[in-house]
Each structure stands twice: as C-alpha cells, then as structure tokens.
Amino acid sequence: MNIVVLVKQVPDSGAERTLSPSDNTVERGPGNVINEMDEYAIEEALKIKEAHGGEVTVLTVGPAGATDSIRKALSMGPDKAVHVQDDALHGSCAVATSKVLAAALRTLNADLIISGAESTDGRVQVVPHMLAELLGVAALTGARKLTVDGSQLTVERQTDEGYEVVTAATPAVVSVWDTINEPRYPSFKGIMAAKKKPVQALTLGDLGISGDEVGFAGATSQVLEFTKRPARTGGAKVVDEGNGGEQLVAYLATEKFV
Amino acid sequence: MAEVLVVVENGVKKVTLEMLTIARGLGSVSAVVFGEADTAKLGEFGAEKIYVASGEDVDGYLVAPKATVVAELVKQVQPAAVLLASTQEGKEIAGRLAIKLDNGLLTDAVEVAADGTATQVVFAGSTIVKSKVTKGIPIVTVRPNSVTPAPSAATPAVEQLTVAVTDADKLTKVVERVAEQKGSRPELTEAGIVVSGGRGVGNADNFKLVEELADLLGGAVGASRAAVDSGYYPHQFQVGQTGKTVSPQLYVALGISGAIQHRAGMQTSKTIVAVNKDAEAPIFELADYGVVGDLFKVVPQAADEIRKRK
Numbered sequence: 001m002n003i004v005v006l007v008k009q010v011p012d013s014g015a016e017r018t019l020s021p022s023d024n025t026v027e028r029g030p031g032n033v034i035n036e037m038d039e040y041a042i043e044e045a046l047k048i049k050e051a052h053g054g055e056v057t058v059l060t061v062g063p064a065g066a067t068d069s070i071r072k073a074l075s076m077g078p079d080k081a082v083h084v085q086d087d088a089l090h091g092s093c094a095v096a097t098s099k100v101l102a103a104a105l106r107t108l109n110a111d112l113i114i115s116g117a118e119s120t121d122g123r124v125q126v127v128p129h130m131l132a133e134l135l136g137v138a139a140l141t142g143a144r145k146l147t148v149d150g151s152q153l154t155v156e157r158q159t160d161e162g163y164e165v166v167t168a169a170t171p172a173v174v175s176v177w178d179t180i181n182e183p184r185y186p187s188f189k190g191i192m193a194a195k196k197k198p199v200q201a202l203t204l205g206d207l208g209i210s211g212d213e214v215g216f217a218g219a220t221s222q223v224l225e226f227t228k229r230p231a232r233t234g235g236a237k238v239v240d241e242g243n244g245g246e247q248l249v250a251y252l253a254t255e256k257f258v
Numbered sequence: 001m002a003e004v005l006v007v008v009e010n011g012v013k014k015v016t017l018e019m020l021t022i023a024r025g026l027g028s029v030s031a032v033v034f035g036e037a038d039t040a041k042l043g044e045f046g047a048e049k050i051y052v053a054s055g056e057d058v059d060g061y062l063v064a065p066k067a068t069v070v071a072e073l074v075k076q077v078q079p080a081a082v083l084l085a086s087t088q089e090g091k092e093i094a095g096r097l098a099i100k101l102d103n104g105l106l107t108d109a110v111e112v113a114a115d116g117t118a119t120q121v122v123f124a125g126s127t128i129v130k131s132k133v134t135k136g137i138p139i140v141t142v143r144p145n146s147v148t149p150a151p152s153a154a155t156p157a158v159e160q161l162t163v164a165v166t167d168a169d170k171l172t173k174v175v176e177r178v179a180e181q182k183g184s185r186p187e188l189t190e191a192g193i194v195v196s197g198g199r200g201v202g203n204a205d206n207f208k209l210v211e212e213l214a215d216l217l218g219g220a221v222g223a224s225r226a227a228v229d230s231g232y233y234p235h236q237f238q239v240g241q242t243g244k245t246v247s248p249q250l251y252v253a254l255g256i257s258g259a260i261q262h263r264a265g266m267q268t269s270k271t272i273v274a275v276n277k278d279a280e281a282p283i284f285e286l287a288d289y290g291v292v293g294d295l296f297k298v299v300p301q302a303a304d305e306i307r308k309r310k
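Residue numbers (the numbering used here), protein chains in the order written: chain A, 1 to 258; chain B, 1 to 310.
These aren't lab readings, by the way, just hints derived from the structure by calculation.
Check before you lean on any hint, since a few could be wrong.
[Claimed, not checked] Here are some chain A residues pointing at chain B (derived, C-beta under 10 Å): (1) Val82; (2) Gln85; (3) Ala88; (4) Val95; (5) Glu133; (6) Gln158; (7) Ala219; (8) Ala231; (9) Glu255.
Don't be surprised by glycine CBs; every beta carbon is placed ideally from N, CA and C.
In isolation and in its complexed conformation, chain B is listed as follows:
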C-alpha cells in the first residue's frame, strides 16, 4: 500500500489527528514532522512511519525549507497523497509544493474520499463543492474540526531526514516568534466550543464576561469584526469572512448582530446559541436557541447556573 504523507508543521494538534484519521482511508500513514516528533501520539492515531526534519535550516526560515523537505520526500517515496493542515503555513507549504512538483492542490477540505476527491464548503458556508486534483497526486489541506479523530494503534518507525535546502529557501529569515495567546484556552479553529463577543459587549474590559463563559464551558474565545475593529479584542481571535472560519460543536454569540461578514466564519457550527438585546438581529435566523435580552444580565446568570450544575 502506498504511503500517504501527513505534514505536521508545528506540533501535534487536533487537526493533525484528524489528518491521520483521514489518511488511513487513503493508504499507509507516514507523518512528516518538523522539530520534535511526538511518536507516541502519532502512533496512537495510526502513523506507521515518522519522517523527522529538524535544525536551523528548517526553523530559521519561513515556509520554503519545509516545502523543499516535503517535495524531496514526495519524489523519493511516491506517496498516494499529501495532507496538510488548512492553516496559513500549511496552505503556504502546499502552494510551494504544487509549484515544485507541477501538481494540483485543494485547500480547506472537510472530507477526503478514498479516490482523493475532496469536499469543500465555500462562499460563507453556503455551498458544498466536490473537487479533484487532475494533475499529479492529491495535495490537500484539511480544515480543523472536519472529522472526529479516531485512534488506531501503530508502532511507527522513525526516520531522520537529511535536510538539504537551497539558498532560495533561505531568503526570508524568522527573527523572532512571539506568543500572544492568552491563558490555556483551546485554539480557536480547533475548539469544540467557541464563545464570541461582538459590538454589544461594549468595551475591552467587558470581554472578561465572554472569557468567563468560555472558560466555564471549556471553550475558546472569539470576536466579531466589529469588536476587533473597536479594539475590544485582538485580531487573531476574529471570526468571519476576514478572520478565522470555525466549525465547533457549539457556538455562542454574545452581542453579535450576525452580519454576513460574521456568519461567513461560523455558520457551519453544529449548534448555535445567541444572546442579543435586538429581537430582530439576523443572528437569531441561524441560532438554534436565542435569548432576547441584555447580555450583561443573561451571561452572568448563565455563568452562575453552570457553576451550580457542576
């Protein structure tokens, strides 16, 4: 059975386990890891083989060296497919890979069939598309929260790759990596529960209310563009057309009117609940459960009620 390469750019995340789960339907799973390999976790989800590429030549420069490593590996092992995460960097590696190999690529897949056909949800969640790579092997990026990761124990063989990057791969130097994410909340795109605040939250300080509910539910915090543009919350938490696309089990919209800009990023969520003082807010058109009321009364009461039930 041909190998399927699963590219792990930045540590094992939930989307990594989803990719491993999908990859098992396409062939024998080989993970390509940059940096430290979490052999136990990758094996638990079915990786038969782990290729490790590490060192300053990989870490010290932006994207290009990783694409070179994967491209060399593709030439060497002739895999049935390459899966990458639909993160900014995952997509960028995929793009370079497609050029290097003169190969097609598909991004933001939520499903990959055994024949490589990918399912994508486009146009703000309104349209479902099935696509196929018609030149070369399927190079597909997978959107987080697409499938439920399922374990399937394997004992992976670990192979250290010799990294041979070119001067062209070293044109953009990474000088510093700065973490700004607050607390220990799950990552926004991977979270099973997302609690978001909008303009109705009123100011940056009030976002504590959104964070409190998120923490009680074990979720991530998101924000609408209106809230981000008003400076209430940092941009990396923006959900919407010009921010992150999320697809959690539960999405809680607090003080968010539900403009199309926002809906674009969240309307494939499984369950949506909303609190808004405007009964006519469009968010209620998609909410499975809506409370028309003052979020400064409803949310603290909900938080107390959750604490009582715990």
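Here chain A stands alone, though its shape is the one from the complex:
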C-alpha cells in the first residue's frame, strides 16, 4: 500500500507561543517540533506497512526550517519525504494550504493518506475533509482505531458520545487521535538512516499553482489583530487542617455554585 503521511511543523505547545506582530502569522522560533498528533499518524502508517507491505512517504508544506521535522519524521522509519516549500506560501489560509497539499498528493498517487486529527497551533481540524473534497476520495476522520483489510478500511471514529464505526475503500484520507497507538522512538540506526533518505523539494511552480492563489495574496481569511490575554493570577490558598472540604464549599457558596 502506498501511504502518505502529512506532517506539519509547529511551535512547541509546551513553550510560550505568539503571533508575529508584523504580519499576524504564527511566530516560528527556534523550538519548532513535529505536530504531536502527526507522530501517531506516522506510527500508524509504519504499522500498516509492516503488516501489509508498501511504502511510506512524508509530505510537508512549510518553510525551509521544516526540514528538521522532516528528518525527525524519517528517523521513525518512513521511506522518503516530499517538502513543498515556496516563499509565496507564507500567510496561507487553510483553504489554500489544502489546495497545495492536494496538488502534491496528486503527484504521489497515494492509496492511503494519514494525518493527525488536528495541529496543536491552529487546532482547526478541517484539512483532512478539505483534502477529501478536493481529491474526491473518502475521509475517515478522528480515528482511535484503523483496520486495513485489502482495500477496505474500517475506522472507529471518536465522538463526544462514544464512537462511530465508519468504512470506506481506498483511496482515502484517515486522520488519527493520540488514542490510536503509541509512537515509537527513533532508534540510533533510524536517525542515521534518515540523513540519507530522499527528500524531494517541490515549488508551487512544480505543482502548477501560481503565487497569488496562496499566501496573503490568496488568503480567504485574515487575522485583523491580536492581544495577549492577561495571565491568570492565583487567589486564596488554604492548607487543609481538617476542614479544607468545608472551606472549599464555603468558597463555592459565596460564588453561588452551591
């Protein structure tokens, strides 16, 4: 099975993140990482390859610095990567980004496209269904379990109420939550091998997309302004000396919760 995993580089969600004051885009400092949910997507792709054979390709749209995350992704075990990189992409909205991803995916002929269910920076969750719409393939999103039987895919899709069992035939887009597996750590051998794995660079021109369809020029939405929310400050803190529960309820009562 020919599998493509979508990998996005994001700012570390464990560190302080901000938008750029100059153009309101996500500020990319030195501490960028693979979007956490994408590591689960890579793991799932590798498990399918191990069980059914095939090839795993990492696809990233992002600036030059995203190469670090691509090598990290490859060190887990995928065979190769495609990096769509073009200065004109800066400021792209989700609609434009999905068009670029779709154009790159058309060149890769994937049976199965796997992504994380959301990125930790935007948390928008829309790209997998946008790709399905653009490519005319099935979407099985929000997976906590994926079963492959020949060309038939079955997914347990997490919902607020529980889960849904959904099925489709390949080609398809599957997005995964962190409940689906436990991503492997890259081995030393994997890290060394990743340095030699092919990373194909593609520009917008290679994909037949003009610069004014993407970036700020082609954006379908715009961030007008942003402000920092004042940090919360701690209030009263009492040490339980036998009546902590009563004190807690007394506080809740003054706030009218009890």
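Dock chain B against chain A, hints included.
Okay, now just chain B, sitting in the frame of chain A:
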C-alpha cells in the same frame, strides 16, 4: 434582511442556542436541521425558518452529505453568514463547505460581531485574535460556552429539503454509532461546571469520588491526560491540549498538577478551584481558590458539606 444559516448537526444542544443568539445579531435566523427538528426549542430562541434534511442519504454517510446539503442551500438563499458548532463534525462540515464554495472559514469563535468579525482565543487561552473572512460569506464555527443563550420567541416556518447527494458524498459509510457516555451528566464542552481528576486520583475506581462531586454540583466529569493515559478514565473526557477545551463557569481540578498540556484546555474557565497535596503545584497559580491537602479527605468532606447545605 438576509438569512443567517445555523447548522444543527446532531440535535439541539446548548451551543445551538448560543449560535441562534449570535445569529440574531447577523440577520434573520434560519436553522438547518439534520434529522428531527425541535421546532419549539428553535423557535423559542429566534429561528424564523427551519430547513430539514433527513433520510438515509444524510444519516448513513460521514459528514460529506451534510456539507452538500448546506452548500446547495447557501447557493439558493444567499445567506449573510453560516454558523456551525465547533465540534469535530461541525468543523468538518465547515471545511468541506469552504472548499465547495471557495470561501474562507473561521473556527472556534467565541464571539461574532455584526460585520462578521470573529473573536478567537488561541495558544492555550493566552492570546485573543480578531479575524475576518475575506473571500465569500462568513462561515464560522462557534465554541460552546461562548455566550449566554437568550430566548426571543419566533414562529418558524418549516421547509423540508430535497436531499440530492452525489456518489462522492457516499464514499464513507457509517456502520454503527455507539454511545459510551456514562449517566445523565451534561456534555463536557457545554457544561457550566466541570469537575476533573488527575494523576493524584490514583486509580480508575477512585474516580467515583470525582463523579460524586460532579453530580452534587450538577457538572460534567473531566480528566487530565495523565489520568487518561494511566487508564483511570476514558479519553473522550480528556481536558487539555490534546483533548477537549472547556470554558465553564466553574472548573474544579482534583489531584491535577496543572501542566501546560492541561491548562491549555481549561484556563479560560470563569472560576477555577483546585485541591492538590503539593503546595507548589502550578495549578495553584491559576486557581481562584486552592486547598493544599489530601483530596481523599478534602473531597468527601466537601461532598458531605454540600449535602448538608442542600
């Protein structure tokens, strides 16, 4: 006045009433309902019109048919805006809609101004953003617990839509829907009160304590990632960066240290209280009221005290 479409994916929820309330500031409110329409409730909150799409072609397949129905309706009625819930499915419909209509979209709005400008809270609640759709009409998903639903009685006209979906909409079949939610507690993202347990709860059995307090307060139960990863509580109740984002009136954190992973999902709560035996736990930096102590002593005592006061 142009219509504003409010998409009701899965029954009338609190976020539906919030969307109806917001929509009234944008135009004449029309609800788009999949399945059974709760005409009385939708009318009570100002729906002038209700479009109903139902049948196997809508229910039997994942997301895509709903997007097709809404897209056809947008072409037909030329609404001023489309509002959807910021649920997984609401966002997915919005995404497909944006592609079908070559239109911008904004997700997770907590406010939508009359000119369509949306306010979003991003980066773990640290940053407030104002954004606008610059191509097409505003397609905006609204986060639960953003506004207080306000009734405004209307008598809606109900129109049954003819559903004409394509083969491409039927690629992903829904075979089964399984409910796992326990009891009759409010839904986590919509609850006014959330009581969450963390690693300090110790095991799955002890979560009964968290549930008991939640039930006494009429709240939902949440869990930190540490508690979920340890198998204490199911994943759909996880609050945090890789779980649900909640913004209740009251958030009670029991045995939760307050790692950034967790704070990302709850720090826009109006009031936060915490019980933790570690006086240095970061959760106390954001708690309006904190009790440093053993939750196995503090929580049962608090539960007894609430019962006494009832």
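Violations among the numbered hints, reported as their numbers in ascending order = Hints 1, 2, 3 not satisfied by this model.
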